[in-house]
Amino acid sequence: MGLMRLLTAGLVSALMMAVLLQDASAASQWDEPAAALAGQIADILGPGQVRFTLRNASSIGNDDVPVIRRLLEQDLKSHGITVAGSESANAIRITLSENVRERLWVAEVVEGTETQVTMVHLDLAGAQSAQQASGMVLRSQQLFSTREPILSVLVAPGALIVLEPEQFVIYDHSGKTWREQRRVLIGQKRPLPRDPRGIIIPNNDLISFQAWLAGTECTGNDTAQDAGSWSIHCQESDDPWPIAAGADGNTPARISAFYNGARDYFTGVLAPNAGVDLPAFYTSAVIPRPAGGGAILVNGIDGKMQLLDTASSRAQPVAGTRDWGSDFAALNSGCGAGTQVIASGSGEAATDSLRAYEIPALEAVPASPPLAVNGAVTAMWPAPDNKSVFAVVRNTAAHAYEVDRVTAVCN
Amino acid sequence: MLRPFAISCLATLLALPLCARTRPHYGGTLHVEIEGDPWQRPDGLPRRLVFDGLTAIDANGALRPALAVEWDSDSTAHRWQFQLRPAVHFHDGSPLTAQAVIASLNAACSANCPWTAIRAIGSSYVVFTSDSPMPNLPTLLAGGDYLIVLTATPDGGTPSSAVGTGPFQLTGFQNGVLMLAANQNSWQGRPFLDAVEIRVHRAIHDQWLDLGVGRADVVEVPAEMLRQAQQQRLQVISSPHTELVALQLIETGPLQDPALRASISLALDRASLYNVIFQKQGELTASALPQNLSGYSFLFSSDRDLNKAHEIRGGLAAPPLKLSVEGDGAMQLAAQRIALNLREAGFNVQVVTGATQPTDLTLRAIPFESADPAAELERLSRLGGHTQPVSAPTPQGLFKSERDFLSLHTLVPLLDLPRAYAIGARVRDFELLPGGAPDLPDASLEGAP
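The listed protein sequences derive, respectively, from chains L and W.
Here the working numbering is used: the first residue of the first sequence is 1, the next is one more, and so on.
Here the working numbering is used: the first residue of the second sequence is 1001, the next is one more, and so on.
Check before you lean on any hint, since a few could be wrong.
[What the hints assert, rightly or not] With a straight-line cut-off of 25 Å between C-alpha atoms, the simulated DMTMM-like cross-links for lysine to aspartate or glutamate are:
#  : chain 1 : residue 1 : chain 2 : residue 2
1  : W       : Lys1400   : L       : Glu32
2  : L       : Lys176    : L       : Asp385
3  : L       : Lys77     : L       : Asp31
4  : W       : Lys1400   : L       : Asp385
5  : W       : Lys1308   : L       : Glu111
6  : W       : Lys1322   : W       : Glu1344
7  : W       : Lys1322   : W       : Asp1037
8  : W       : Lys1280   : W       : Asp1206
9  : W       : Lys1400   : L       : Glu111
10 : W       : Lys1400   : W       : Glu1283
11 : L       : Lys176    : L       : Glu217
12 : L       : Lys304    : L       : Glu363
13 : W       : Lys1400   : L       : Glu102
14 : L       : Lys189    : W       : Asp1206
15 : L       : Lys189    : W       : Asp1194
16 : L       : Lys77     : L       : Asp43
17 : L       : Lys189    : W       : Glu1070
18 : L       : Lys189    : W       : Glu1344
19 : L       : Lys304    : W       : Glu1446
20 : W       : Lys1280   : W       : Asp1305
21 : W       : Lys1308   : L       : Glu32
22 : W       : Lys1400   : L       : Glu114
23 : L       : Lys387    : L       : Asp123
24 : L       : Lys189    : L       : Glu164
25 : W       : Lys1400   : L       : Asp238
26 : L       : Lys176    : L       : Glu402
27 : W       : Lys1308   : W       : Glu1283
28 : L       : Lys77     : L       : Glu32
29 : W       : Lys1400   : L       : Glu108
30 : W       : Lys1280   : W       : Glu1326
31 : L       : Lys304    : W       : Asp1194
32 : W       : Lys1400   : L       : Glu363
33 : L       : Lys304    : W       : Asp1037
34 : W       : Lys1280   : W       : Asp1058
35 : L       : Lys304    : W       : Asp1206
36 : W       : Lys1280   : W       : Asp1194
[Unchecked claim] Facing chain W, a subset of chain L residues (Cβ under 8 Å, in silico):
#  : residue
37 : Asn99
38 : Gly112
39 : Thr113
40 : His121
Think of the hints as simulated: they come from the structure by calculation, not from any bench.
Small disclaimer: the values here were computed from a predicted structure and weren't measured.
Beta carbons: idealized from backbone N, C-alpha and C, even for Gly.
Could you put together the complete structure from these sequences and hints?
Have a look at this one:
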């Protein structure tokens, strides 16, 4: 009985402490605007008694409204304005409001027949996304951000090479940030599609690369191993693009596919010939199979996912991909089966997400909770060592394109 | 008893698409139907498909480069310099030059322009100057009134059709259908659709019938018919409140006395327009800027006060007034209702159709084109012939500018309305721009070739 009472008392104390802490945290958030608004009201009204009403027409939670009311009343009191009943001739009507950019606290100060308006504005608090922790967990770290669309990036020794629709931009590392060194125009002769795509594949020496865009192929090398000394040359080309760097990541351009630049998809014709007719597809990834060997996962332009077993040259449909978006890449995480496919969301939700899947047979099985990203995923590819995946995210709120490095943590 | 239900669930599950979402497909022709004039300024549907502005507003309402890649001003915003995007061509192949931009803007804006003069520096820079500061010029230039149109061919002739630099080019007009083809060389990248066909002057009910039988992919849903569209299970895409229905009053002639204009403003019964004519869609308002742009629209009272209207008018006599209306259907009914309201306040108002001259009162729907409240307020005030720029770095300053503008009673806000379209099953990535116009260059068709 005594133990029970002790536990109950402890629980009540803990709950009270939690409420107080929550209250204190809410109060500190609203301290400044409440004090500013009370000061502005005092400048108009001067000391005296007022009728006071507070209306919440904003996204501020109802739990916070009493806290804000208390703060405002305290701050008004410190200026000699006390809240009275309906007998007072003066009144303060405060509306907690907001627009698309900011919160707005509006005070209508009524003195007899005259009404004056004053207001304070404060930033809209950004929504925090919580990450569920269960099983394998994806983590992302922003590598780079720019206002221009990004097709692909290459992290080279001492340099970051960013492929944009019409140019390469080369950055060097300056402290904690990337600093632009120079731009190299690609000079395409053909018009770009609406959603241009491109890839950069590093060569084994890591100081040279090949890149492909619609109708164009580029090579780059850096003999001096300095961001300023990269030499990049582009030419018109309809050569197939390497679609899979291989599961071990050591053999670039192992399988290539012909790309239709005017329609933004791969025709389904592979080089070397895989001995099977693939449908036209948008995206592909190479994944190892449990029985050994590899398979190519392709997203057909009809949205159907197919797995081409390179050993048997058989293409079979894959189920469980209804929630997938148009971008995915293989990740050699070492968790679970070892390799997962990281897929973007289907675009049904307001914001995009990334999620790991395993494909033990012919069905994609979720292997991680979704990882929310700051916008829509527009491109994804595996890092050269296949231990992380790069994703380009169009962050519409920040008007920026971000490159995120996505890794997995095994639980 | 549970068995049919289980079978039904199984059937539903089997019917669910098992496909992943793909990138948008290229190809196909999108069939759109509209009721009004396609080229109506500022936001006639093909205008944003055929023409581009120097600047543009993105899906979030933010300003972004378009035909101009960079711009900057002097410290007082009296002079702005815009650098044109290189290697852009009009649909007829002639290059985009500073001279072509100036000719287009001069043709679009002969009076009450945000600028006093425009000149070219070389062929790549356009300079705007003004006696007054132009703090909102880059945003104003994104508006539908200032889209760049080719006014002269390279040999000095007049273009035979509407020629711009936009993602689609006009290819013909036959049997009430405007035909547009994808601009393969669009500087924004080729659009996904091969073509857009816009059937014009099509009644709303006919549009909905065409959508039902697959003859149309995108049709209009007027605000007052939104509920009906939902009842008919149309797939409706609607914008937030992006259109201001307002009564515009001219300051000259019979309404030059501000007291008469104030009296008219107080006599209007917004609630009846909202409840009866617009079927409780949108919001009634007395503020020029919608709540989502300003955050303080509730400060302007939208209540009708007939007694005060009589009181303000006093013994002032007003001659018969003419009220014209832009739009069909509900707007015509709203004009009739407004005339009735004003008769109750002692004004003799006649609703006129097809007015060629400006009338004393005009009922119009004005789209909001950006999320910049100062620029939108300046645009509204320019519609009323006021040239004072709106510079409002704080909400308090913006409120004061709006209150001062509305106290002139040259524009009386009535309702904020949403804009909506219904789309067919094969249309994807269909979104509305901040002004409520469809963003067709980014739309595509499922199963396109």
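Structure-based check of all given hints:
Annotation: proposed proximity of W/Lys1400 to L/Glu32 holds, straight-line Cα distance about 24 Å (limit 25 Å). Restraint check: the Cα-Cα separation between L/Lys176 and L/Asp385 comes to about 23 Å, which is no more than 25 Å; the hinted pair holds. Between L/Lys77 and L/Asp31 the CA atoms are separated by roughly 14 Å; this keeps the pair inside 25 Å, and the hint holds. Pair hint W/Lys1400 plus L/Asp385 does not hold up; C-alpha atoms about 60 Å apart against a cutoff of 25 Å.
As the CA atoms of W/Lys1308 and L/Glu111 are separated by approximately 21 Å, the hinted pair is consistent with the 25 Å bound. A distance of roughly 16 Å separates the Cα atoms of W/Lys1322 and W/Glu1344; the hinted pair therefore holds under the 25 Å criterion. The hinted pair formed by W/Lys1322 and W/Asp1037 meets the criterion: a straight-line CA distance of about 23 Å does not exceed 25 Å. For the hint pairing W/Lys1280 with W/Asp1206, the CA-to-CA distance comes to about 24 Å; that is within 25 Å, so the pair holds.
Among the hinted pairs, W/Lys1400 with L/Glu111 is consistent with the structure: their alpha-carbon atoms are about 19 Å apart, no more than 25 Å. Distance restraint check for W/Lys1400 and W/Glu1283: the Cα-Cα separation of roughly 22 Å lies within the 25 Å cut-off, and the hinted pair is therefore satisfied. About 32 Å separates the Cα atoms of L/Lys176 and L/Glu217, which puts this hinted pair outside 25 Å; it is violated. Proximity of L/Lys304 to L/Glu363 is assessed by CA-CA distance (about 12 Å); at most 25 Å being required, the pair is judged to hold.
Distance restraint check for W/Lys1400 and L/Glu102: the Cα-Cα separation of roughly 18 Å lies within the 25 Å cut-off, and the hinted pair is therefore satisfied. Among the hinted pairs, L/Lys189 with W/Asp1206 is inconsistent with the structure: their alpha-carbon atoms are about 45 Å apart, more than 25 Å. At most 25 Å may separate the alpha-carbon atoms for a hinted pair to count; L/Lys189 and W/Asp1194 meet this at roughly 21 Å. Between L/Lys77 and L/Asp43, the direct Cα distance comes to roughly 13 Å. Compliance with the 25 Å bound is thereby established for this hinted pair.
Proximity of L/Lys189 to W/Glu1070 is assessed by CA-CA distance (about 24 Å); at most 25 Å being required, the pair is judged to hold. With a C-alpha separation of about 68 Å, the suggested pairing of L/Lys189 with W/Glu1344 is violated against the 25 Å cut-off. Distance restraint check for L/Lys304 and W/Glu1446: the Cα-Cα separation of roughly 13 Å lies within the 25 Å cut-off, and the hinted pair is therefore satisfied. Distance check on the hinted pair: W/Lys1280 and W/Asp1305 sit about 21 Å apart at the alpha-carbon level, within 25 Å; holds.
At roughly 41 Å between alpha-carbon atoms, W/Lys1308 and L/Glu32 are farther apart than 25 Å, so this suggested pair is violated. Our distance criterion of 25 Å between C-alpha atoms is met by W/Lys1400 and L/Glu114, whose separation comes to about 16 Å. Under the criterion of a C-alpha separation no larger than 25 Å, the hint pairing L/Lys387 with L/Asp123 is inconsistent with the structure, at around 39 Å. Restraint check: the Cα-Cα separation between L/Lys189 and L/Glu164 comes to about 16 Å, which is no more than 25 Å; the hinted pair holds.
The straight-line distance between the Cα atoms of W/Lys1400 and L/Asp238 is roughly 61 Å, outside the 25 Å bound, and the hint therefore fails. Between L/Lys176 and L/Glu402, the direct Cα distance comes to roughly 16 Å. Compliance with the 25 Å bound is thereby established for this hinted pair. Among the hinted pairs, W/Lys1308 with W/Glu1283 is consistent with the structure: their alpha-carbon atoms are about 24 Å apart, no more than 25 Å. In summary, the hint linking L/Lys77 to L/Glu32 is supported, as the alpha carbons are separated by about 16 Å, within the 25 Å threshold.
For the hint linking W/Lys1400 to L/Glu108, the alpha-carbon distance of about 14 Å falls within 25 Å, and the restraint holds. With a CA separation close to 21 Å, the supplied pair W/Lys1280 and W/Glu1326 stays within the 25 Å bound. For the hint pairing L/Lys304 with W/Asp1194, the CA-to-CA distance comes to about 24 Å; that is within 25 Å, so the pair holds. Pair hint W/Lys1400 plus L/Glu363 does not hold up; C-alpha atoms about 62 Å apart against a cutoff of 25 Å.
For the proposed pair L/Lys304 and W/Asp1037, the alpha carbon gap of about 42 Å is over 25 Å, so the pair is violated. Distance restraint check for W/Lys1280 and W/Asp1058: the Cα-Cα separation of roughly 29 Å exceeds the 25 Å cut-off, and the hinted pair is therefore not satisfied. Between L/Lys304 and W/Asp1206 the alpha-carbon distance is near 36 Å, which puts this suggested pair outside the 25 Å criterion. This hinted pair does not check out: W/Lys1280 and W/Asp1194 have alpha carbons roughly 39 Å apart, beyond 25 Å.
Satisfaction of the interface hint for L/Asn99 is found here, the shortest Cβ-Cβ separation to chain W being roughly 4 Å, below the 8 Å cut-off. For L/Gly112, the interface hint is violated, the least distance from its beta-carbon to any beta-carbon of chain W being 18 Å, above 8 Å. For the restraint placing L/Thr113 at the interface with chain W, the shortest Cβ-Cβ distance is roughly 13 Å, beyond the 8 Å limit, so the hint is violated. With a least beta-carbon distance of about 5 Å to chain W, the hint placing L/His121 at the interface is held under the 8 Å criterion.
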